[in-house]
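Trainee: Here's the letter readout for the chains.
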Amino acid sequence: MAEDIKVIVFKLGTEEYGIEVEKVQTIERMMPITRVPKTYSFIKGVINLRGVVIPVIDLRGRFGIEEAEHTDQTRIIIVSVNEMEVGFIVDSANDVIDLNQDAIDTPPDVVGGIKAKYLDGVAKIGEDRLLIMLNLSEVLNKNEIVQLESLEG
Amino acid sequence: MDMNQYLSMFIDESNDHLQSLNESMMGLEANPEDLSIVQVIFRSAHTLKGMAATMGFEDLASLTHQMENVLDLVRNNKLRMQDFIFDTLFKSLDALESMVEDITGGGEGKADVSAIVASLQAIVRGEIPTAAGGAAAEVAAGATAEAPVFLDEFQYSVLEQSLQEGHKVLYVDVAIRKDCQLKAVRAYMVFDLLERSGEVVKSFPSVQDIEQEKFDHSFSLYYITQKEASEIQAMILNLSEIDKVTAVALDQESLHQMGQDTVAAAAEAPAPVKEATPVSNASPASAAHAKEEAGKPAPARTGGAPSRTIRVDIERLDVLMNLFSELLIDRVRLEQLASEVQNADLTETVEHMGRVSGDLQNIVMKLRMVPVDTVFNRFPRMVRDLAKSLDKKIDLVVTGAETELDRTVIDEIGDPLVHLLRNAVDHGVEGIQERLAAGKSDTGTVNLRAFHSGNHVFIEIEDDGAGINPQKILQSAIKKGILSQEQASNYSDDEAIQLLFAPGFSTAEVISDVSGRGVGLDVVKSKITSLGGNVVVYSTQGKGTNFSVQLPLTLSIIAAMLVRLGSEKYAIPLSSIVETGIVKQTQIRSIHGNKMVEFRNSHIPLVSLSKLFSVPDYDESTEEETEIVVVRKGERLVALAVQDFIGQNEIVIKNLGKYLPEVQGISGATILGDGQVALIIDPNAFIK
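If you read the protein sequences in the order shown, they are chains W and H. Anchor point for the first sequence: position 4 equals 4 in this note's numbering, and the numbering is continuous, going up by one each time. Adding 1000 to a residue's 1-based position in the second sequence gives its number in this note's numbering.
Bound-form chain H, shown alone:
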């Protein structure tokens, strides 16, 4: 069988599972007694193992198998989670990740994991001191034995499916105080509360009976939710006049067991079932109705359910975009024709089409938007590991992970963020002793924030560490020869801190001088700038540091200035344009053979685009006056001579194809409204 067609699906799903494994493990580490998390981890690992085995990646499958053995002991309460087990499992995850990466790169997913396997096996053999016990499992065992609520086949399959989809299925038993006056009202409040964060699939007695107070002082129910059993338990207990609540998370097996019990019970004795529902005027019709009610909402609108999405190949979206831009070109032509023909009906139709295609364009663009979550989700694990290896205590607080960015930006932004986060953990947050000495809590906080603002997304990395000392930065800049003593004295504190991004600042000796800030930050800066974004740093000594990254929403559409050079049109990205203007031939001077023009009291080079690009039908030197576009790269400015400004436009960036990957001075192309291709000028190329 040809497995290739399944390979990309396998890789995607494996990455998903690895991600959720990582997240769950972090959750478990924060809350080691919560066996329901172990269940989640076990299931994920189990699925991964199955997938790997099917695809023939034996090493992957066998490593997951060893992990499963350990997890199995934990969930059956024969083993207690502890540091060594966590570390080993995390190491296993890393190994799995690199295997999947290898497969992604076309490899076989082979790796030497004998050391990890040995550790895992040692754990299984019990060569790590273990302590028995754990209340949660006892409760689970108890619940399985009780199973007083009978499920029909339909309800059972609903529950089973919810489990498979990653929801939690809880069995909840609520006892209302004996002295409660309006127990139906209490029960209603419980149901109301539960409905807010999930779905009640089946209750005993039935909802109608409870409403009519036809129940004793307790009732039980099956419940689908995303929340933890303990959370639900606490929520219900918060209501008054509730005596006792037990909420138990069920897994596939215990559910199966309960289902079987139910079927058996139903087959053997239909009578007790009837007895159990005292006022049983349950006609087939009403039973069917109840089923419908119970089953219908669960898949449709479960609170906090994973979003209903499909995976789409990014290339197909590109095709969609291309087809769409063709449609836009036709629209422009139609609009021209309509204005010539002057037919009211035609004009109206074309206008309507214009509106529809505008909406369509928005939707097509939105399809490419991805939440930053996809980048952020690997950071908690990274910060955990870093903090551990540095012997620091650090809380990473992530907010705004749902903020959306274009896929093209998402793909590029990961590395710079990793760099900044490392910086914050390594150099920003102080060690435990220093923190205590400074009168802070021993745990440092690193905030990772994303939010929208106008046409930009901001991502901020803020730590509550020692902050940056501007004087130290100035001193080391002087030492490095970046600044003279004289220049340095003119720098404000804020300007001094921005020097961190200066090229040449990132050498090893500087690290110790300025408490390590400045490691390769120029690289981060240039990467972000190349994405059309910006990064600044704010710091208060003793309070902490904030790196704020500003990014464009999308890379595929930019605002540009269209200019004309003879019969040719070019686009210059607006983000790098400082100003446009006109200079007279007499204002152009020659300095060392280079043409310069005066711009705001300084002389900047004048680049002749027509000469550089050998434009056949234009040469600005024959004109008395010439239009210039002043562009910027960092602090440096250059004036580009053009013939005319056509105007400002939003353009869709296209690459020149694989055959022409790099052309000097050209960063890509765009298709204009008339279907013509215009080249996009890369202003950086003119500034050395």
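The following block holds chain W by itself, in its conformation from the complex:
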């Protein structure tokens, strides 16, 4: 048996996603965001998190899902990967679960419209709950975005 890991669970639309708890610094309620011009549309701007200026990304926008209105449930998850601190705007975040690493399968070829490279794997919890584990370094990889943009543009 592989080890258990703790995972923060959040929602985008109907899908549930997971990020390992070590990579999450804090989860914040929505706060004023200062728009930064001349950046990608999914970068919503920067926030003041206790004196540190941190960029926030709309994860829906990042994954090419239609962006939604912010609600009471909307949260900003501050993650820290490769010394980069970034906030993710998500629809809601309200669960922490223990997950056995054996329960994580390699991602199937196509999952709900999101490019497979952003995914680390899919974990099945309970009978009909699927948790999509995010590959944060890929989500934050900007080289790939440039390619994407130039292909589209």
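These are computed hints drawn from the structure, not numbers from a lab.
In silico DSS-like pairs for lysine-lysine, Cα to Cα no more than 25 Å straight-line:
| hint | chain 1 | residue 1 | chain 2 | residue 2 |
| --- | --- | --- | --- | --- |
| 1 | H | Lys1658 | W | Lys38 |
| 2 | H | Lys1633 | H | Lys1480 |
| 3 | H | Lys1658 | W | Lys23 |
| 4 | W | Lys38 | H | Lys1595 |
Got chain W sorted already, so can you dock chain H onto it with the hints?
Mentor: Only chain H this time, still in chain W's reference frame:
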């Protein structure tokens, strides 16, 4: 064992040791007979070797070991310092430096140093002609043998610690002239003099006895100081009625030897000790008192002792700053609340908190200040090497090294200064023959000065060389197509000299034309300007040249103009703002499709920030009049259209984080009093 946690400490300390090795070597070169400097060098090298070996950097350790072998011969007077040895040792230091640099960069600190090692070994084998002799060592040997002053364990450990902390421990023997009338007064004067630049740990006879004239015509003492033995000796000899003074610097070993002698003597014969202190009413209590007196001041207030500091990770200071700015935001909120509530007690408390936090802010800012010394200290060595390779004689005079600048400025300023210094040494100061022909002394002087003035620090590099010929500069500027003949005739000498900083002036052929001035000076200028500073040059032909660099005290706080664009706020650095004003829509003209406005009899481009930044709720073209901010980059001006001026403010600069390293037109962000983030506009981006 995981060594990583010690690595940064190792790197810091190695750099310190290398720096002090470099400095000591320079000192020794100026004064090759002074073996006490060799001791310092030896100790430093020895520590470095130990550290490197512990950390497993074998190459580093073995090279230092070879250096130690050479130094050991020198300090034991079996080898005399000479040019070849100096050069080899300096080369070794360079090699060590690059190894440490490699380690800093994550490497193994490996390097091919076989040539240097071979030279060092040759020196040890005596394949370099050596001359025996040297008075200092003889004196040292003599002193070790004498050792008439007995130390107790406590005093011994005080001395030992002082040595470890890098102080000098001297054994001083003073003889007063036999015909001296008031010898106690003389002795008092000696003590008084010594106390001014160090601490007397133990004297023989005791201070009380000396005060009561209960001594013959001589007395001796142990002394902790930063000064050289020879200096102390000369100082005491300057007093009248002093017959003879010997001051000997002790090292760990000779001190140890003396300590052992003492313990042995004390154990074998307590009686002679008593005899030696004739009027010995030394009760245990008074002895303890004496100990206290001797021991206490030494660590506490030794004149010129290295400053008592701790190393702090710069990131922790940043965290402190961040937490502090949060506190400031809360303070602003509290102030607002207090003014709403109108409760006298609350208002008073909030005001007090405001004062305290103001003081705190000052201290937090000061924590980031570092003396320019940390940059300057590598220059003497650099100038020495340069002068040597150019066959010139140059004195580098450094003043104001204690002047403090923010860490962020310090980190950036090194390269431009190196450039300017090289310039001064290479092209400023003439060769020996030229100097003599011009009726100057053969040794050129380069002054490196730092000083505060208002909210700025100035760093000046001044040489007493041949100066710059403005006509030559104009000619080469015309040749390069930077100026037309006509324009050139309108240039004053002073303006001509400033042309050195013009871009495009720095090509190889210009070097010979204008005696080499102008090599990459535009790069120096742009670097300094990017730091929010300025550089100008003054020169008098035949007398010399002075490059004066003006720098802001800190980069993390700047004065800025806050402006509004719809619901968004932006900050524009005050340093690049020329003027603010209002233009009517009718004054805006279109030239080649670009919007221009008239400003002081010339037309300058008008940049629409709202369009460029796609501001959602503001567009100046709908207004009849629009506010403009005229910004400058070098000689070029641009007007930025904004909606409103909010006012001038001191802002703390923050970067946008690693994910957004570069955004066009934005140089960073700051947090406003209400906790909102405002972006800082980079005016340079609008000026091509």
